[in-house]
Amino acid sequence: MSGLLSGIWLYRHFILSSIRNEFTIRFARSKLGGLWMILNPLAQVVIYALILSNVLAAKLPGIENKYAYAIYLMSGMLAWNLFSEIIGRCLGLFVEQGNLMKKMNFPRICLPVIVLGSCLTNNLLLFVSMAGIFLLLGHSFSASLLLLAPLTLLVVALGLGIGMLFGVLNVFVRDLGQVVPILLQVWFWFTPIVYPPTIIPEQYRPWLNLNPMATLTQAYQQILVYRTLPELGSVFPVAAGGLFMLLLSFFLFRRASAEMVDVL
Numbered sequence: 000m001s002g003l004l005s006g007i008w009l010y011r012h013f014i015l016s017s018i019r020n021e022f023t024i025r026f027a028r029s030k031l032g033g034l035w036m037i038l039n040p041l042a043q044v045v046i047y048a049l050i051l052s053n054v055l056a057a058k059l060p061g062i063e064n065k066y067a068y069a070i071y072l073m074s075g076m077l078a079w080n081l082f083s084e085i086i087g088r089c090l091g092l093f094v095e096q097g098n099l100m101k102k103m104n105f106p107r108i109c110l111p112v113i114v115l116g117s118c119l120t121n122n123l124l125l126f127v128s129m130a131g132i133f134l135l136l137g138h139s140f141s142a143s144l145l146l147l148a149p150l151t152l153l154v155v156a157l158g159l160g161i162g163m164l165f166g167v168l169n170v171f172v173r174d175l176g177q178v179v180p181i182l183l184q185v186w187f188w189f190t191p192i193v194y195p196p197t198i199i200p201e202q203y204r205p206w207l208n209l210n211p212m213a214t215l216t217q218a219y220q221q222i223l224v225y226r227t228l229p230e231l232g233s234v235f236p237v238a239a240g241g242l243f244m245l246l247l248s249f250f251l252f253r254r255a256s257a258e259m260v261d262v263l
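The sequence shown: position 34 = 33 (numbering that gives the first Met the number 0), numbered continuously.
The set of hints was computed from the structure by calculation and includes no laboratory data.
No experiment lies behind these values; they were computed from the predicted model shown.
A portion of the hints provided could be inaccurate.
Capping the alpha-carbon separation at 25 Å, the derived lysine to aspartate or glutamate pairs in DMTMM-like fashion look like this [unchecked claim]: (1) Lys102 / Asp261; (2) Lys101 / Asp261; (3) Lys101 / Glu230; (4) Lys102 / Glu258; (5) Lys102 / Glu21; (6) Lys101 / Glu21; (7) Lys101 / Glu201.
Whole structure, please, built from the sequences with the hints as guidance.
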């Protein structure tokens with residue numbers, strides 16, 4: 000682990016310049032530039048809100064705002080978009096960067112770190128835009144907002160752990176590149192983002208505890224929607240699981256790094 004961290008530090012300028020170049024290339028000829036990173040998830044929110052707000056707004060007690068459902072939906076999407084983007088980007092990362100890995104001598108760990116930096120930047124811009132929308136809708140924040148930073152780290156740990164694991168395996172089993180997006184779609188609908196957990200029959204609600212993203216999205220919603228502290232007791236197991244996945248993926252990455260270059 001110390002070797003990976005030292006490699007990241009030594010190549011920090013390469014990482015930062017790669018993140019900057021990625022944004023420059025992505026929006027080089029776009030009239031709206033980086034706004035597309037915000038418009039895409041917000042468009043999803045608008046679609047769900049228009050279709051489901053009248054049905055589900057009444058299921059959200061404790062929010063004195065006629066835009067309660069839109070606020071609830073945006074809060075959950077903020078966590079999910081970061082999680083799914085990290086996994087989606089890491090999934091094809093080593094396959095897409097195969098030529099670079101063969102031609103240049105640099106710590107391979109820089110590649111997922113570049114992806115992580117890009118995803119966090121996207122998420123920060125999305126949060127700023129959503130916060131502005133919340134204020135326009137008459138919804139304020141509380142001091143509990145400070146807990147959003149450690150929660151974001153948990154989402155990152157879980158997403159990066161799963162994403163790197165799938166990314167390494169995808170080099171050897173390319174079918175994963177088709178299967179994982181489907182699994183993410185199923186996972187999304189089994190996470191209470193579009194709907195509140197209260198609409199799930201009570202006998203099935205304990206199954207939500209097996210879904211770490213259900214815990215994290217609900218923590219986001221507690222902070223951003225209800226302006227209260229999340230249940231930390233439910234977050235600790237998710238933190239332990241995220242750390243385990245992160246360490247497992249780093250271990251697998253180090254063991255398979257040389258073999259991946261040969262396969263690619």
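Problem - Hint check, failures only - result: Failing hints, ascending: 3 and 7.
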